[in-house]
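J.: Here is how the chains run, residue by residue.
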Amino acid sequence: MTTHAGHLRRSSARTAPAKPAAGGRAADRAALRAFRSRRVWPALVAAVLLVVAGALTAIEVISALVGSPMKLIDYPRVTRWAAGGGGAWNAWGPLAIASALALLGLIFLFAGLVPGRSRLVPLRGDSRDLVLGVTRRGFTGAVSAAAMETDGVTGVRKVKLRRHKVVVRAETGMRSPGDLEERVREAVERSLERLGPLPDRDVKVRIAHREG
Amino acid sequence: MDRRAARLNRIALTVLGLVLLGAGGAALARALGAWGGGRASEPLLTGQVRRFAADQGWFWPLLAAIAVVLTLFGLYWLVAQGRSHRLPGLNLAPDDADGKTRLSAGAITNVVQDEIEEYPGVNGARARLMGTADRPRLRLNVSYSHRADLAALRTRIGEEAVPRLCAALEHDSLPTVVRLRLVPAKESRTVV
Chain A
1 MTTHAGHLRR
11 SSARTAPAKP
21 AAGGRAADRA
31 ALRAFRSRRV
41 WPALVAAVLL
51 VVAGALTAIE
61 VISALVGSPM
71 KLIDYPRVTR
81 WAAGGGGAWN
91 AWGPLAIASA
101 LALLGLIFLF
111 AGLVPGRSRL
121 VPLRGDSRDL
131 VLGVTRRGFT
141 GAVSAAAMET
151 DGVTGVRKVK
161 LRRHKVVVRA
171 ETGMRSPGDL
181 EERVREAVER
191 SLERLGPLPD
201 RDVKVRIAHR
211 EG
Chain B
1 MDRRAARLNR
11 IALTVLGLVL
21 LGAGGAALAR
31 ALGAWGGGRA
41 SEPLLTGQVR
51 RFAADQGWFW
61 PLLAAIAVVL
71 TLFGLYWLVA
81 QGRSHRLPGL
91 NLAPDDADGK
101 TRLSAGAITN
111 VVQDEIEEYP
121 GVNGARARLM
131 GTADRPRLRL
141 NVSYSHRADL
151 AALRTRIGEE
161 AVPRLCAALE
171 HDSLPTVVRL
181 RLVPAKESRT
191 VV
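Read top to bottom, the protein sequences are chains A and B.
Note that the working numbering has the first sequence beginning at 1, numbered continuously upward.
Note that the working numbering has the second sequence beginning at 1, numbered continuously upward.
One chain only, chain B, in its complex shape (with noise of 0.2 Å):
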């Protein structure tokens, strides 16, 4: 799971709540007489305020890079939303020189999700590497249905699926984050 997007969020989302909350009730406290009566009446535009944006050669040209940062930022926040930081994936330690070989991600994934799938009570798993090629993570997808007992399944998925990719990768640790969704029992499947 990207915690990366989710850690932005909450920070962005927290600052500009706080701009807008201040902005906004400095507003209300203003029309409202906290600066006394005078200035609540106020147009929001006075003179004075036109003249100094116009005097100040840096007026405009500031508020158009706050604008552009602004968007920029939208953007990439925007962006982080979609990021998956999906692994394509993996290049082994090559023990020679010149050798050195590849694992698409593809393959790696499938060996794990047909051994979950093995299991008693799983319906069907989907494995996933994130991370970057020195940290992977695995994240699986499992849909059990009521026969499956979580205990033993969470038992061979530590035991048994993850510390056998751990080897094949040539990782100490594979941080694995797993889902389980529970689906309705697939008759088909009790017959082998």
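So that you can see chain A by itself, here it is in the shape it has in the complex (with noise of 0.2 Å):
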């Protein structure tokens, strides 16, 4: 069943050499960039602005040069507001113009520099040519999974998945639950070991009693 792709090729005596050991940092590294946001919508939204301003003003400014002026928009009905008593730089409208656009710069400056959250975890792996990476919900289905498979517990309630962090809140109907939480954390810490999200997060388990 395995061997189609041996037909694609004249001849398949040659296999692919081993891959060279790249693995560690440098495939830890690749795994975490491939999944990295992309900041689309944002892009979308401010390459959207800058080409209806620059379409505006250019259309404006060619036509009014080459002697017709098209006036999409009244500008010598802007031109008499700048100049006039409601255009100073102190007044409401400016002020007003001006908080935006640096509101805007702001929210602009802070997507570009902000990673962003990715919406797949990345995985540990042992080459930078292979990067895989587990939608959220795949990943806390796993440490769901590993927790219900504790002795004791009778249900997972959430599963809170952050940068470094994974919070399991389970329930038990024991009175006492004694070491459960423990083992909780045991058993989610081995499933993690086995997946190798990155970068490394620590387990927090809280047990909730309930009445059952």
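One should not assume that every hint holds.
With a straight-line cut-off of 25 Å between C-alpha atoms, the simulated SDA-like cross-links for lysine to any residue are [as the list claims (entries may be wrong)]:
id: 1; chain 1: A; residue 1: K71; chain 2: A; residue 2: A83
id: 2; chain 1: A; residue 1: K165; chain 2: B; residue 2: R154
id: 3; chain 1: A; residue 1: K158; chain 2: B; residue 2: A148
The set of hints was computed from the structure by calculation and includes no laboratory data.
The task is to assemble the complex, starting from two chains supplied on their own in separate frames and drawing on the hints.
T.: In structure tokens, the structure reads:
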């Protein structure tokens, strides 16, 4: 079943050479980078604003330069406003515009500098050429399954996934759970070890008693 | 995954943010009297500014040129969001002078898809070839059920599926990005 690929070429004798052990930190970096947010939405908004502002300016200026102003914007009125009392730097109109510009700039700057939440959790691998990521739901599902398998746990209320931490809220019917918290934590840690999420996550367990 | 658009977005957003923040901040500072109360209560457009714009022959053409450049950049930026750098097909290196084998990307990806879909616990797989013919990259979307062992899945993709494809494509390596998606188990796949 798995030999289809061999038909694709005539001399399939040569197999792929073993990958260089580029693993370790280079592989981790590649995995972290592969799933980082691309900032598509802020970029789309900014690009559309840029196109609209640029095109309006270009149309008005060029049409005025060649002698037949388009006047898409009623700029004689804007000019009168800007040259009059209402257009003083410290009047409310210009103040509002300046604040809006600064705020918009701050938002774009923020969008550009803050890494943003990736939708997938990168997994630790040993090659830069093979990068895996699992959805947040898949990841919390694995954590919750590991917690559920612990003796004494009757349910998992919530798994919260943070950048460096996983918080598991489990339920038990036992009145005195004893070392249950510790056992759940160990089970979840074992499953994380197998998955290898990047970056490493600490496990925190909260046990709630449920009357059953 | 197309990381080129990601870098463009990061840099352009940062620069645009800085420019807007600088302009807005300077205007606010002037309005709040950073350059003295007299300048704060001046109108935005004074006779001096208008005369300057009218006297300099280069002023309006320069403004027009800047506006055109910004518009073009904005369009390029928009288009970059949609570009996927998907590869339509690959030419295999010809052994004879006149022979040439062209493989469609669909034929290549179907093979990987079928293979991965046979792995235990996998519900479906989608493969896509990206990049350039010289340096192709593979993008895999794999949906799996709770029954799948992710560690085993990773090993099989990395040690069986991808190397086999590398051999078929006559490439030493094929950078691969795998997205694993958990889906509810499909009962029908348990019985073969």
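J.: Run every hint past the structure and note whether it holds.
T.: Do the hints match the structure? See the list:
1. K71/A to A83/A: Since the Cα atoms of K71/A and A83/A sit roughly 19 Å apart, the hinted pair holds (cutoff 25 Å).
2. K165/A to R154/B: 24 Å, holds
3. K158/A to A148/B: 22 Å, holds
Comparing the model with each numbered hint stated earlier shows that all of them hold.
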